[in-house]
Every structure is written in structure tokens, then in C-alpha cells.
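Required output: the full structure, derived from the provided sequences and hints.
Chains as they are written, first to last, in the working numbering: chain A, 1 to 113; chain B, 1 to 112.
For the record, the hints were derived by calculation from the structure and aren't laboratory data. As the structure is a computational prediction, the values presented were derived from the model and not from experiment. Be a bit skeptical, because a hint or two may be false.
Computed cross-link-like contacts, DSSO-like style, restricted to lysine-lysine with a CA-CA straight-line distance of at most 30 Å [what the hints assert, rightly or not]: (1) A:Lys71 to A:Lys11; (2) A:Lys14 to A:Lys57; (3) B:Lys57 to B:Lys42; (4) B:Lys57 to B:Lys79; (5) B:Lys63 to B:Lys79; (6) A:Lys57 to A:Lys11; (7) B:Lys69 to B:Lys57; (8) B:Lys59 to B:Lys69; (9) B:Lys68 to A:Lys57; (10) B:Lys79 to B:Lys59; (11) A:Lys57 to A:Lys71; (12) A:Lys57 to B:Lys69; (13) A:Lys57 to B:Lys79; (14) B:Lys59 to B:Lys42; (15) B:Lys79 to B:Lys42; (16) B:Lys68 to A:Lys14; (17) B:Lys42 to A:Lys71; (18) B:Lys42 to A:Lys11.
Example chain A residues on the side facing chain B (calculated, C-beta under 10 Å, incomplete) [claimed, not checked]: (19) Thr2; (20) Val4; (21) Gln6; (22) Pro8; (23) Tyr33; (24) Tyr35; (25) Gly42; (26) Pro43; (27) Tyr48; (28) Gln50; (29) Ala67; (30) Ala93; (31) Gly107; (32) Leu110; (33) Thr111; (34) Val112.
Every residue, glycine too, gets a C-beta built ideally from N, C-alpha and C.
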Amino acid sequence: DTGVSQDPRHKITKRGQNVTFRCDPISEHNRLYWYRQTLGQGPEFLTYFQNEAQLEKSRLLSDRFSAERPKGSFSTLEIQRTEQGDSAMYLCASSVNREDEQYFGPGTRLTVT
Amino acid sequence: EDQVTQSPEALRLQEGESSSLNCSYTVSGLRGLFWYRQDPGKGPEFLFTLYSAGEEKEKERLKATLTKKESFLHITAPKPEDSATYLCAVLSSNYNTDKLIFGTGTRLQVFP
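Below is the structure:
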């Protein structure tokens, strides 16, 4: 399968713990995006990379959130000191060019107890 | 502010009963409009991209159209396997951002 992959698929953590998610984009895609989706809502943009450069961050991305894309390949999204409001599906997407469709991975479902 | 509104929120159809989903958008210029299908617990699956008013795309029982203010996803003779949430998203012509702005989706249920 050559689609976008995400790991883990599910994560349950206690409030205050740190969590890290990984995304592997489609191999020839140089743009990588992170979105967050809560029940009954559409995905909301968090941040995106072109190669290894982080080009935009949403106001949703508080200082507890950090994302990296070393060497322009896979990306990680870390949430520090998790809160119950962080419970959501975290989606990764990738594309070739800025006007092209974005292909999404299966998502990581985070539950903060 | 850029905004996307989808209607109806939910739609129940009998198998074979054709219908349309609506996506209205307000953006400062449009670079692209995208339709996705999302099954429960999964990531969105890309369906169509539309770039300019008057453009149409088709795939099996689905047809997407675009005007200057809205897009329609027409479903012809739907089957139970078409049951899913259909999401619409826009890419504005503000070149300072490449984020997709999504609507809240239409939950479609098709009964045999």
C-alpha cells in the first residue's frame, strides 16, 4: 500500500502526559499537512510543511503542540501536557503541489482520560 | 472570513432514489473545491477536484458540479455502499495559506 500511513491508530493517555504521533506521506509528495477532527465536524487545519520547512501554523496549535518533519520525509506531531479537550482524531495528509488534492491517512484517534 | 456550509446535515435515501448534496462557500477567490468521502473511524477519501465555475466531474454514481457560489454532489441511483459522510473543502486564493477549509459534512444513509 502506497498511501499515507499514520501510527499509532489509537492512543489513550492520561491528562498531563505527552504523546507523539507519526505520519508517513506518499513518497513523492513534498507537502505534508496535519488536521484535527472532532465528532460531527469537518477536519480543522493545524499546520503544514513543504519538504522540511514548516510554512504555516494555525491559531489552534497552542504552545503545547509541536510538529517536525526532519529531512522532508515523515513527520511527527507532539502534544505536551495533554488536556481532555485534545481528544480528537488527528489526520495527516500529503500532496504534490499546492493546488493539488490532499490525500489523507487513516488518522490517529486520541483519547485523554 | 472564508467559510463552507454543507446541507443537508443528514440525508436518508432509499436505494435507487437519486438526490443532491449542497456545498455553499464564501471565500476571497477560489483556487479549488474538493469533495471527500469519509467512512466512520477512517480518514477522508478523495473524490473530486473542481477549479472553475461550470466544471463537472463524474465517477460511477457520483457527479460534482461547480458554480461561483456553490457546488453540488449528485448521487444517481445510490446503493447502500454509498452510505458515508461527504465532506466539501475549499482552497482560497489567499496565497499566504494552503490549508483546506472544510464544511461539517452531509451524513448519507442509503437503505435497501
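Consistency of the hints with the structure:
Between Lys71 (chain A) and Lys11 (chain A) the alpha-carbon distance is near 26 Å, which keeps this suggested pair within the 30 Å criterion. Taking the CA atoms of Lys14 (chain A) and Lys57 (chain A), the gap is near 26 Å; set against the 30 Å cutoff, the hint holds. A C-alpha spacing of about 24 Å is found between Lys57 (chain B) and Lys42 (chain B), which places the hinted pair at or below 30 Å, so the restraint holds. This hinted pair checks out: Lys57 (chain B) and Lys79 (chain B) have alpha carbons roughly 20 Å apart, not beyond 30 Å.
For the hint pairing Lys63 (chain B) with Lys79 (chain B), the CA-to-CA distance comes to about 15 Å; that is within 30 Å, so the pair holds. A threshold of 30 Å between alpha carbons decides the hint, and for Lys57 (chain A) with Lys11 (chain A) the separation of about 23 Å falls inside it, so the pair holds. A distance of roughly 17 Å separates the Cα atoms of Lys69 (chain B) and Lys57 (chain B); the hinted pair therefore holds under the 30 Å criterion. Taken as a hint, the Lys59 (chain B) and Lys69 (chain B) pair is honoured in the structure, with Cα atoms around 23 Å apart against an allowance of 30 Å.
Note on Lys68 (chain B) and Lys57 (chain A): the hinted pairing holds, with a Cα-Cα distance of about 29 Å set against a maximum of 30 Å. Between Lys79 (chain B) and Lys59 (chain B), the direct Cα distance comes to roughly 14 Å. Compliance with the 30 Å bound is thereby established for this hinted pair. Only pairs whose Cα atoms come within 30 Å are accepted, and Lys57 (chain A) paired with Lys71 (chain A) is accepted, the gap being roughly 19 Å. Restraint check for Lys57 (chain A) and Lys69 (chain B): the C-alpha separation of about 28 Å stays at or below 30 Å, so the hint holds.
For the proposed pair Lys57 (chain A) and Lys79 (chain B), the alpha carbon gap of about 40 Å is over 30 Å, so the pair is violated. For the given pair, Lys59 (chain B) sits about 21 Å from Lys42 (chain B) by alpha-carbon distance, which is consistent with the 30 Å threshold. A hinted pair counts as satisfied when its Cα atoms are at most 30 Å apart, and Lys79 (chain B) with Lys42 (chain B) qualifies at roughly 20 Å. At roughly 47 Å between alpha-carbon atoms, Lys68 (chain B) and Lys14 (chain A) are farther apart than 30 Å, so this suggested pair is violated.
With a C-alpha separation of about 28 Å, the suggested pair Lys42 (chain B) and Lys71 (chain A) falls inside the 30 Å cut-off, and the hint holds. Our distance criterion of 30 Å between C-alpha atoms is met by Lys42 (chain B) and Lys11 (chain A), whose separation comes to about 15 Å. Because the smallest distance between the Cβ of Thr2 (chain A) and any Cβ of chain B comes to about 14 Å, over 10 Å, the interface hint for this residue is violated. Restraint check, Val4 (chain A) versus chain B: the minimum CB separation of about 8 Å is within 10 Å; hint holds.
For Gln6 (chain A), the shortest C-beta to C-beta distance to chain B is roughly 8 Å, which falls under 10 Å, so the interface hint holds. Interface restraint check for Pro8 (chain A): the shortest CB-CB distance to chain B comes to about 14 Å, outside 10 Å, so the restraint is violated. Because the closest C-beta pair between Tyr33 (chain A) and chain B is about 7 Å apart, less than 10 Å, the hint holds. Of the supplied interface hints, the one on Tyr35 (chain A) holds, with its beta-carbon coming within about 8 Å of a beta-carbon of chain B, less than 10 Å.
Because the closest C-beta pair between Gly42 (chain A) and chain B is about 3 Å apart, less than 10 Å, the hint holds. Given hint, Pro43 (chain A) at the interface with chain B, holds; its Cβ is 5 Å from that chain's nearest Cβ, closer than 10 Å. Taken as an interface hint, Tyr48 (chain A) checks out: its beta carbon lies about 6 Å from the nearest beta carbon of chain B, inside 10 Å. Hint status for Gln50 (chain A) relative to chain B: holds, with the closest Cβ pair at about 8 Å, below 10 Å.
Given hint, Ala67 (chain A) at the interface with chain B, is violated; its Cβ is 14 Å from that chain's nearest Cβ, farther than 10 Å. Using the Cβ-Cβ criterion of 10 Å, the hint placing Ala93 (chain A) at the interface with chain B is satisfied: the shortest such distance is roughly 8 Å. For Gly107 (chain A), the shortest C-beta to C-beta distance to chain B is roughly 5 Å, which falls under 10 Å, so the interface hint holds. Evaluation of the Leu110 (chain A) hint against chain B yields a violated restraint, the C-beta minimum of about 13 Å exceeding 10 Å.
With its C-beta approaching chain B no nearer than about 13 Å, Thr111 (chain A) sits outside the 10 Å limit, and its interface hint is violated. At its closest, the beta carbon of Val112 (chain A) sits 18 Å from a beta carbon of chain B; the interface hint therefore is violated under the 10 Å criterion.
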